[in-house]
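With chain A held as given, fit chain B onto it using these hints.
As they're listed, the protein sequences go chains A and B.
What the first sequence shows, in the working numbering, is residues 1 to 185, in sequence order.
What the second sequence shows, in the working numbering, is residues 186 to 257, in sequence order.
In case anyone wonders, no lab produced these hints; they're calculated from the structure.
Here a beta-carbon is modelled for each residue, glycine too, at the ideal position from N, C-alpha and C.
Fair warning: there could be bad hints in the mix.
[What the hints assert, rightly or not] On the chain A side, residues computed to face chain B include the following (Cβ under 10 Å):
1) Glu33
2) Gly37
3) Leu40
4) Pro41
5) Thr43
6) Leu45
7) Trp76
8) Asp79
9) Arg109
10) Gly112
11) Leu114
12) Asp115
13) Glu116
14) Ala120
15) Val179
[Stated by the list, open to error] Here are the computed distance ranges between Cβ atoms for each label pair:
16) A:Trp51 <-> B:Thr190: 55 to 65 Å
17) B:Glu255 <-> A:Gly104: 19 to 29 Å
18) A:Arg39 <-> B:Met205: 50 to 60 Å
19) B:Thr206 <-> A:Gly12: 27 to 37 Å
20) B:Ser232 <-> A:Gly104: 14 to 24 Å
21) B:His202 <-> A:Ala138: 47 to 57 Å
22) B:Ala209 <-> A:Gly37: 13 to 23 Å
[Unchecked claim] One-sided and incomplete, this derived list gives chain A residues near chain B with beta-carbon spacing under 10 Å:
23) Pro31
24) Leu34
25) Thr42
26) Pro44
27) Leu48
28) Asp77
29) Ser78
30) Asp111
31) Arg117
32) Asp118
33) Ser170
34) Tyr182
35) Ser185
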Amino acid sequence: MKVILLSIIALGAAFAVLSIAVRRAQRRLPPIELAPGERLPTTPLQRLARWCLLLTLLPTLAAAAVVAYHGPRVWWDSDPVRLTATGLLLVALGVFAFYGVRIGIWTARDDGTLDERDRAILASAPAGQAPAMIVTLAAWMIGLIGAYPGAGAVPKVFLYLIFWSCLMMSVLALLAGVVIGYRRS
Amino acid sequence: MAKATIRNDIRRLRFEHGEMTQQALAERVGCTRQTIIMLEQGRYVPSLLLALQIAKVFGTTVEAIFTLEEAR
Numbered sequence: 001m002k003v004i005l006l007s008i009i010a011l012g013a014a015f016a017v018l019s020i021a022v023r024r025a026q027r028r029l030p031p032i033e034l035a036p037g038e039r040l041p042t043t044p045l046q047r048l049a050r051w052c053l054l055l056t057l058l059p060t061l062a063a064a065a066v067v068a069y070h071g072p073r074v075w076w077d078s079d080p081v082r083l084t085a086t087g088l089l090l091v092a093l094g095v096f097a098f099y100g101v102r103i104g105i106w107t108a109r110d111d112g113t114l115d116e117r118d119r120a121i122l123a124s125a126p127a128g129q130a131p132a133m134i135v136t137l138a139a140w141m142i143g144l145i146g147a148y149p150g151a152g153a154v155p156k157v158f159l160y161l162i163f164w165s166c167l168m169m170s171v172l173a174l175l176a177g178v179v180i181g182y183r184r185s
Numbered sequence: 186m187a188k189a190t191i192r193n194d195i196r197r198l199r200f201e202h203g204e205m206t207q208q209a210l211a212e213r214v215g216c217t218r219q220t221i222i223m224l225e226q227g228r229y230v231p232s233l234l235l236a237l238q239i240a241k242v243f244g245t246t247v248e249a250i251f252t253l254e255e256a257r
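For reference, chain B alone in the conformation it holds in the complex:
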């Protein structure tokens, strides 16, 4: 089975939503700023609950933010 990674567009979405800061997003979804940094840089894969909360903040779906990328 090919190894897969999850990429996300949180950084872009933050800027599209009034240049929302990492801290503001963290407060809205109930996590720490470090977690948002780790998420944006692909070092942490969120739970479904956190992914849904992030999607809700940006008014979009989880699939629109997170994409599965299979390594070759």
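Here chain A stands alone, though its shape is the one from the complex:
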């Protein structure tokens, strides 16, 4: 429980740092001038990334809540709990797969749905994946060292949780990279 709490705090801190970095980047750019009442139109990729980020984040948070509520050991031993959490994570991965397929179709069609700016944002989106995974691993490392100081004492259930958390953080960071890319440019 302490490990998961620490992970959530670390991820919250990472999100705060990211938000500050985005705001600072925005301040350096000239303001966007639009007609009164007009809103900046969104691009198809921007809308897709926003929805997929939301629909990936929600099941991931729900799965994390299930594991945090029952505890890692119950998650490991109880089939219903494990299947529920895994099912939620698979739903999130399914949404991500849809995102990938949609972009693949747009790229193959080359009909202007994705323009060069979209492609540049897509290319720069993975920049946040490595830091996100490092923060996730650091949170696990600090939490597990604190919770299990003895040599060889860390239960193997945490290996699965580390795998899932890194995978989902990688997916979320990629989608967030696209959403943030539009805010930064």
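Just chain B, lined up with the frame of chain A:
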């Protein structure tokens, strides 16, 4: 080396070409309207390909639309 920015006259050229809308220009050059807005406001620097396509739509040269402005 002095920091330089690229300014453009896309907005003026649109109005000189029958008040062409941003959407119409976007469709003609194959990009999104958001990209045209970002271009006009100097928040995005286009590729040479897009710059040439915009110049072709307005029947002019890239140099006539885009100018390099060196910061002091």
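Quick rundown of the hints versus the structure:
Because the smallest distance between the Cβ of glutamate 33 (chain A) and any Cβ of chain B comes to about 6 Å, under 10 Å, the interface hint for this residue holds. With its C-beta approaching chain B no nearer than about 15 Å, glycine 37 (chain A) sits outside the 10 Å limit, and its interface hint is violated. Interface restraint check for leucine 40 (chain A): the shortest CB-CB distance to chain B comes to about 6 Å, inside 10 Å, so the restraint holds. For proline 41 (chain A), the suggested interface contact is upheld, since its CB lies about 5 Å from the closest CB of chain B, less than 10 Å.
This hint holds: threonine 43 (chain A) has a C-beta 4 Å from the nearest C-beta of chain B, less than the 10 Å allowed. Satisfaction of the interface hint for leucine 45 (chain A) is found here, the shortest Cβ-Cβ separation to chain B being roughly 9 Å, below the 10 Å cut-off. The criterion of a C-beta within 10 Å of any C-beta in chain B is not met by tryptophan 76 (chain A), whose closest approach is roughly 47 Å, and the hint is violated. Because the closest C-beta pair between aspartate 79 (chain A) and chain B is about 48 Å apart, greater than 10 Å, the hint is violated.
Hint on arginine 109 (chain A) is violated. Least Cβ distance to chain B is approximately 12 Å, over the 10 Å limit. Using the Cβ-Cβ criterion of 10 Å, the hint placing glycine 112 (chain A) at the interface with chain B is satisfied: the shortest such distance is roughly 4 Å. With its C-beta approaching chain B no nearer than about 9 Å, leucine 114 (chain A) sits inside the 10 Å limit, and its interface hint holds. A distance limit of 10 Å between C-beta atoms decides the matter here; for aspartate 115 (chain A) the minimum to chain B is near 4 Å, and the interface restraint holds.
Proximity of glutamate 116 (chain A) to chain B holds as hinted, the smallest CB-CB distance being about 5 Å (cut-off 10 Å). Annotation: interface hint on alanine 120 (chain A) holds; nearest CB of chain B at approximately 9 Å, less than 10 Å. Because the smallest distance between the Cβ of valine 179 (chain A) and any Cβ of chain B comes to about 14 Å, over 10 Å, the interface hint for this residue is violated. One distance hint, 55 to 65 Å for the beta-carbon pair tryptophan 51 (chain A) and threonine 190 (chain B), is violated here, with the actual separation near 34 Å.
Distance hint for glutamate 255 (chain B) and glycine 104 (chain A): a CB-CB separation of about 42 Å, inconsistent with the stated range 19 to 29 Å. Checked against the hint of 50 to 60 Å, the pair arginine 39 (chain A) and methionine 205 (chain B) fails, with Cβ atoms roughly 21 Å apart. Roughly 43 Å separates the CB atoms of threonine 206 (chain B) and glycine 12 (chain A), a value that falls outside the hinted 27 to 37 Å. Checked against the hint of 14 to 24 Å, the C-beta distance between serine 232 (chain B) and glycine 104 (chain A) comes to roughly 22 Å, which is consistent with it.
Restraint check, histidine 202 (chain B) to alanine 138 (chain A): a C-beta distance of roughly 55 Å satisfies the suggested window 47 to 57 Å. The supplied range of 13 to 23 Å is met by alanine 209 (chain B) and glycine 37 (chain A), whose beta-carbon atoms lie about 21 Å from each other. With a least beta-carbon distance of about 8 Å to chain B, the hint placing proline 31 (chain A) at the interface is held under the 10 Å criterion. Proximity of leucine 34 (chain A) to chain B holds as hinted, the smallest CB-CB distance being about 8 Å (cut-off 10 Å).
Of the supplied interface hints, the one on threonine 42 (chain A) holds, with its beta-carbon coming within about 7 Å of a beta-carbon of chain B, less than 10 Å. For the restraint placing proline 44 (chain A) at the interface with chain B, the shortest Cβ-Cβ distance is roughly 8 Å, inside the 10 Å limit, so the hint holds. At about 13 Å, the closest approach between the beta carbon of leucine 48 (chain A) and any beta carbon in chain B exceeds 10 Å, and the interface hint on this residue is violated. Taking 10 Å as the C-beta contact cut-off toward chain B, the hint placing aspartate 77 (chain A) at the interface is violated, the least distance being around 50 Å.
Nearest Cβ of chain B to the Cβ of serine 78 (chain A): about 48 Å, over the 10 Å cut. The hint is violated. With its C-beta approaching chain B no nearer than about 8 Å, aspartate 111 (chain A) sits inside the 10 Å limit, and its interface hint holds. Look at arginine 117 (chain A): its Cβ gets to within about 5 Å of chain B, closer than 10 Å, so that hint holds up. Below 10 Å, beta-carbon pairs count as interface contacts, and aspartate 118 (chain A) has one with chain B at about 7 Å; its hint therefore holds.
Hint status for serine 170 (chain A) relative to chain B: violated, with the closest Cβ pair at about 27 Å, above 10 Å. Of the supplied interface hints, the one on tyrosine 182 (chain A) holds, with its beta-carbon coming within about 8 Å of a beta-carbon of chain B, less than 10 Å. Interface restraint check for serine 185 (chain A): the shortest CB-CB distance to chain B comes to about 6 Å, inside 10 Å, so the restraint holds.
The earlier numbered hints that this structure contradicts are 2, 7, 8, 9, 15, 16, 17, 18, 19, 27, 28, 29 and 33.
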